[in-house]
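*Asks:* In case you want the letters, here they are:
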Amino acid sequence: MDKKLNNIEKFILKKISDIDDFPSGAFNIRENGSGIKRHTTENVNIVSKTDKQGIDIIVKEGTKNETIHIPVILTKGGLTDIVYNDFYIGKNAEVTIIAGCGIHNDSCETSEHDGIHRFFLEEGAKVKYIEKHYGQGEGTGKRILNPQTIIDLKDGSSLEMETVQIKGVDNSIRQTFGNLAKDTNLVINEKIMTHGAQFAKTEFDVVLNGENASTHVTSRSVAKDASKQEFISKVSGNTKCYGHVECDAIIMDNATVKAIPEILANNIDARLIHEAAIGKIAGEQMVKLMTLGLSEKEAENEIINGFLK
Amino acid sequence: MLELKNICFNRDGKQILDNISFAIDDNKFIVITGPNGGGKSTLAKIIMGIEKPDSGLVLLNGEDITNLSITERANKGIGFAFQQPVKFKGITVYDLINLSLGKKVKFSEACKYLSAVGLCPRDYMKREVNASLSGGELKRIEIATVVARKSGLTIFDEPEAGIDLWSFSNLIDVFSDMKDEISGSIMIISHQERILNIADNIILISNGKIKESGTRDEVLPKLLNNTKTCKFLKEDING
Ligand SMILES: Nc1ncnc2c1ncn2[C@@H]1O[C@H](COP(=O)(O)OP(=O)(O)O)[C@@H](O)[C@H]1O
Ligand SMILES: [Mg+2]
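Residue numbers (numbering that gives the first Met the number 0), protein chains in the order written: chain B, 0 to 308; chain E, 0 to 238.
Treat the hints as calculated values from the structure; they're not laboratory data.
Check before you lean on any hint, since a few could be wrong.
To be verified - Partial chain E-side listing against chain B, Cβ under 7 Å, derived: (1) I49; (2) I69; (3) T70; (4) N74; (5) F79; (6) V85; (7) F87; (8) K88; (9) G89; (10) I90; (11) L98; (12) S99.
As the list claims (entries may be wrong) - When the alpha-carbon atoms are kept at most 30 Å apart in a straight line, the in silico DSS-like pairs for lysine-lysine are as follows: (13) E:K88 - B:K125; (14) B:K166 - B:K227; (15) E:K125 - B:K127; (16) E:K88 - B:K166; (17) E:K88 - E:K105; (18) B:K279 - E:K103.
Unchecked claim - Listed next, the stretches of chain B that the computed footprint assigns to chain E, with coverage defined by at least 3 CB atoms under 8 Å from CB atoms of chain E: (19) 280-289; (20) 293-300.
A virtual CB, placed ideally from N, CA and C, is assigned to each residue, including glycine.
Kindly produce the complete structure, drawing on both the sequences and the hints.
*Replies:* Following this line, the structure appears as structure tokens:
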């Protein structure tokens, strides 16, 4: 378990978790199917699963302001890595969790990482969960990522999830399931950019079970070249609750974007909103930036970078 | 110097600009005024390259720029503040100032441009230039970013619209300062008497034609005495 990181590893780590070496605080770094380094703290314990690949991350009740890093790096082709990570967040604990998967595939074989993350938040717990996905490499081997996130929020807890997938991932199906009890809040911000012949599908399924549960799902995506995207969101409200889903996509070249909303109210006090907009870059935004001296290409880049920021 | 020669612009069988010719000398402050729908914004867009005239020439310092792109004109020193500022998603006020200056500047450096238009930089710098800002705020940000460019010729299309009276006095200062600071010309499309009052020259455009043109002292009395034009001046102050 003791090793130094090489440059490719450092670069990918930086891309997916904004660190370029072993961080302070609790962390677990996984590379090519096995853990390479782990660190725990007084409040955050990390234990390997015994029945399957993966770890349990256990955060003590009342823990404040700790950051936990659990990046995954794949640098070999021909590898399918399936990992199960379970997060147990104690009562009133407040933590930031930075996960992410970076694939560097120079080979001609497919690299695939399927992360199944389950979050169990006890009463009053607060989690900020950041997940980044990144792929690079010169080979023709495909880079495939299929993250699954299952979120269970007990009374008064909240989770804010940020997921980013910019370039380099050939195929991804991302599924997020939420089950929300009383006075909980789930915020999901998703950013996706696909190009070439990539395919990205996102599926959200959030059930608002407890009174005053609320969720805000925002998806912003850019589809370039001949890439394809699909956005499916289901929100059901079974009591007095609030749900807001917003899907905003910029479509370019010959790309395809499909948005399928489903909102289901099972109670008269459930308030559910779905907004979806797909369109090309607004012409007036291009014109404005060109009047500031930017070329067409530069203007386009600025608009997209801002949109996905 | 900017020169327009016989500019014509027709759309949907309507003559929107009918043979417009005039020149803006260096270091001059020109105000274009006239009733709504007269063709003022269209003229400004033709100078910036956003619209192409059906016939006529646009010359900048003697060079024919009629067929140049917006970007090329911007880089040759034409700046334009839109009548209706454009909104973005994710681009902040600070980003827009940097884009406008063509380089990334320090936060403190960017602040002065916002202060000048009466916005507290601390409150606005990180805000996105989107629909969460009010019309007046967007308008002032628009003016700030265009002033920052220090263009040889800067065009403001109805800068007063949506701006409250207190800020309006500051706005007048912005234009006066600009006039003192930069060696360039300013063209403002406006209905405001206080802006007309600081003009070197005034041009009145109505129905796509130049109706009056000359120094402030020549044109202003005619505008104020003519009940018809006076009426639109008053009506449009809030519009
Ligand atoms: N591209 C266009 N197509 C059709 N009509 C236009 C176009 N541009 C401007 N117009 C019309 O030309 C007239 C002048 O517009 P504008 O230049 O905005 O006037 P002003 O700025 O003086 O109020 C208006 O009637 C407007 O609707
Ligand atoms: Mg106008």
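*Asks:* Decide, hint by hint, whether the structure agrees.
*Replies:* So, going through the hints one by one against the coordinates:
no.: 1; hint: I49; result: holds, 6 Å
no.: 2; hint: I69; result: holds, 4 Å
no.: 3; hint: T70; result: holds, 5 Å
no.: 4; hint: N74; result: holds, 5 Å
no.: 5; hint: F79; result: holds, 5 Å
no.: 6; hint: V85; result: holds, 4 Å
no.: 7; hint: F87; result: holds, 6 Å
no.: 8; hint: K88; result: holds, 5 Å
no.: 9; hint: G89; result: holds, 3 Å
no.: 10; hint: I90; result: holds, 4 Å
no.: 11; hint: L98; result: holds, 5 Å
no.: 12; hint: S99; result: holds, 5 Å
no.: 13; hint: E:K88 - B:K125; result: holds, 28 Å
no.: 14; hint: B:K166 - B:K227; result: holds, 13 Å
no.: 15; hint: E:K125 - B:K127; result: holds, 22 Å
no.: 16; hint: E:K88 - B:K166; result: holds, 20 Å
no.: 17; hint: E:K88 - E:K105; result: holds, 23 Å
no.: 18; hint: B:K279 - E:K103; result: holds, 28 Å
no.: 19; hint: 280-289; result: holds (count 7)
no.: 20; hint: 293-300; result: holds (count 3)
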